[in-house]
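> Order-wise, the sequence lines are chains A and B.
The first sequence lines up with residues 285 to 443 when you count with the numbering used here.
The second sequence lines up with residues 1022 to 1093 when you count with the numbering used here.
Bear in mind the hints are in silico, worked out from the structure with no lab data behind them.
Don't take each hint at face value.
Said to hold, decoys possible - Pairs of lysine-lysine, BS3-like flavour, derived with a Cα cap of 27 angstroms:
| no. | chain 1 | residue 1 | chain 2 | residue 2 |
| --- | --- | --- | --- | --- |
| 1 | B | K1064 | B | K1035 |
| 2 | B | K1046 | B | K1032 |
| 3 | B | K1076 | B | K1032 |
| 4 | B | K1046 | B | K1076 |
| 5 | B | K1076 | A | K381 |
| 6 | B | K1076 | A | K376 |
| 7 | B | K1064 | B | K1046 |
| 8 | B | K1046 | B | K1035 |
| 9 | B | K1064 | A | K354 |
| 10 | A | K354 | B | K1046 |
| 11 | B | K1032 | B | K1064 |
| 12 | A | K361 | A | K381 |
| 13 | A | K384 | B | K1032 |
| 14 | B | K1046 | A | K384 |
| 15 | A | K381 | B | K1035 |
| 16 | B | K1032 | A | K354 |
| 17 | B | K1035 | A | K354 |
| 18 | A | K376 | B | K1032 |
| 19 | B | K1076 | B | K1064 |
| 20 | B | K1035 | B | K1076 |
| 21 | A | K384 | B | K1035 |
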Amino acid sequence: MTYQEIRRFASIIFTVLVTGIYALIVYQRYMDGVYDTSNIMRFWALVILLFIPITIVLRIVMEIIIAIIKSIVLTAKGENIDELEIVDERDKLIELKTTKISLFVFSVGFILALVSQAMSMSVHMFFIIIVITGVITEIIQESLSIFFYRRGLWCQKKD
Amino acid sequence: MSKERLIINNKVRKLRFEHNEMTQKELAQRVGVSRQTIVAIEKGQYSPTLELCFKIARELNTTIDDVFYVED
């Protein structure tokens, strides 16, 4: 696997683990009655607003760990570390294509969340669908990146 | 307007070897992309931008027509 593929794969694992663990903790505290759920919107606003900085900090830690491992491996191989820092046109094109597709996926999830409210489901369902959609979007985006890096953006006949 | 997609091939690998056996890494550094991008170009998995095509041709001391061609 190339460095980009490893980063994408690590990102998928990171997203699933962090979101899953955070969701479990919130759910457990919710069942224990720790949260004031008289105002559902406020409850979800606090949950999501707290999730954002936690994710940012943990992602920074993950990137630092990957960078350290990368440096150790490359130094052991005697390769140039700077080579992997290049973000060239192919990387940008792959990011553009995957972002476009992931935006579509998230839009579908958002519409489903709205449908849940149109069907008079709990407000909790709206936010749960949004969170799950966010995770699925991230997984699809990173998976597509891996696919494009491995199989190419398009296939042509070879010599 | 034709919607037929052109199949563009290249001789980057062949010309690289003919040019003092330049490695993929060397070519990548000279044109400012990653080695994986050069690999993808040679495998036909990625069509570079016009600018990159010209850079590759320049580094291989040839014209863009000699590097990239449309397969019938």
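> Give a verdict on every hint.
Okay, the hints, checked on the actual structure:
1. Distance check on the hinted pair: K1064/B and K1035/B sit about 12 angstroms apart at the alpha-carbon level, within 27 angstroms; holds.
2. The suggested pairing of K1046/B with K1032/B holds, with an alpha-carbon distance near 17 angstroms, which does not exceed 27 angstroms.
3. Only pairs whose Cα atoms come within 27 angstroms are accepted, and K1076/B paired with K1032/B is accepted, the gap being roughly 14 angstroms.
4. This hinted pair checks out: K1046/B and K1076/B have alpha carbons roughly 15 angstroms apart, not beyond 27 angstroms.
5. Straight-line distance between C-alpha atoms of K1076/B and K381/A comes to about 24 angstroms, which keeps the hinted pair within the 27 angstroms bound.
6. The straight-line distance between the Cα atoms of K1076/B and K376/A is roughly 18 angstroms, inside the 27 angstroms bound, and the hint therefore holds.
7. For the proposed pair K1064/B and K1046/B, the alpha carbon gap of about 15 angstroms is at most 27 angstroms, so the pair holds.
8. Restraint check for K1046/B and K1035/B: satisfied, since their Cα atoms lie roughly 15 angstroms apart, inside the 27 angstroms limit.
9. Restraint check for K1064/B and K354/A: the C-alpha separation of about 26 angstroms stays at or below 27 angstroms, so the hint holds.
10. With a C-alpha separation of about 18 angstroms, the suggested pairing of K354/A with K1046/B holds against the 27 angstroms cut-off.
11. The straight-line distance between the Cα atoms of K1032/B and K1064/B is roughly 10 angstroms, inside the 27 angstroms bound, and the hint therefore holds.
12. Distance check on the hinted pair: K361/A and K381/A sit about 33 angstroms apart at the alpha-carbon level, beyond 27 angstroms; violated.
13. A threshold of 27 angstroms between alpha carbons decides the hint, and for K384/A with K1032/B the separation of about 32 angstroms lies outside it, so the pair is violated.
14. With a CA separation close to 31 angstroms, the supplied pair K1046/B and K384/A exceeds the 27 angstroms bound.
15. Taking the CA atoms of K381/A and K1035/B, the gap is about 31 angstroms. The hint is violated against a cut of 27 angstroms.
16. This hinted pair does not check out: K1032/B and K354/A have alpha carbons roughly 32 angstroms apart, beyond 27 angstroms.
17. Between K1035/B and K354/A the alpha-carbon distance is near 32 angstroms, which puts this suggested pair outside the 27 angstroms criterion.
18. Between K376/A and K1032/B the alpha-carbon distance is near 24 angstroms, which keeps this suggested pair within the 27 angstroms criterion.
19. Proximity of K1076/B to K1064/B is assessed by CA-CA distance (about 18 angstroms); at most 27 angstroms being required, the pair is judged to hold.
20. As the CA atoms of K1035/B and K1076/B are separated by approximately 16 angstroms, the hinted pair is consistent with the 27 angstroms bound.
21. Proposed proximity of K384/A and K1035/B is contradicted: the alpha carbons are some 36 angstroms apart, above 27 angstroms.
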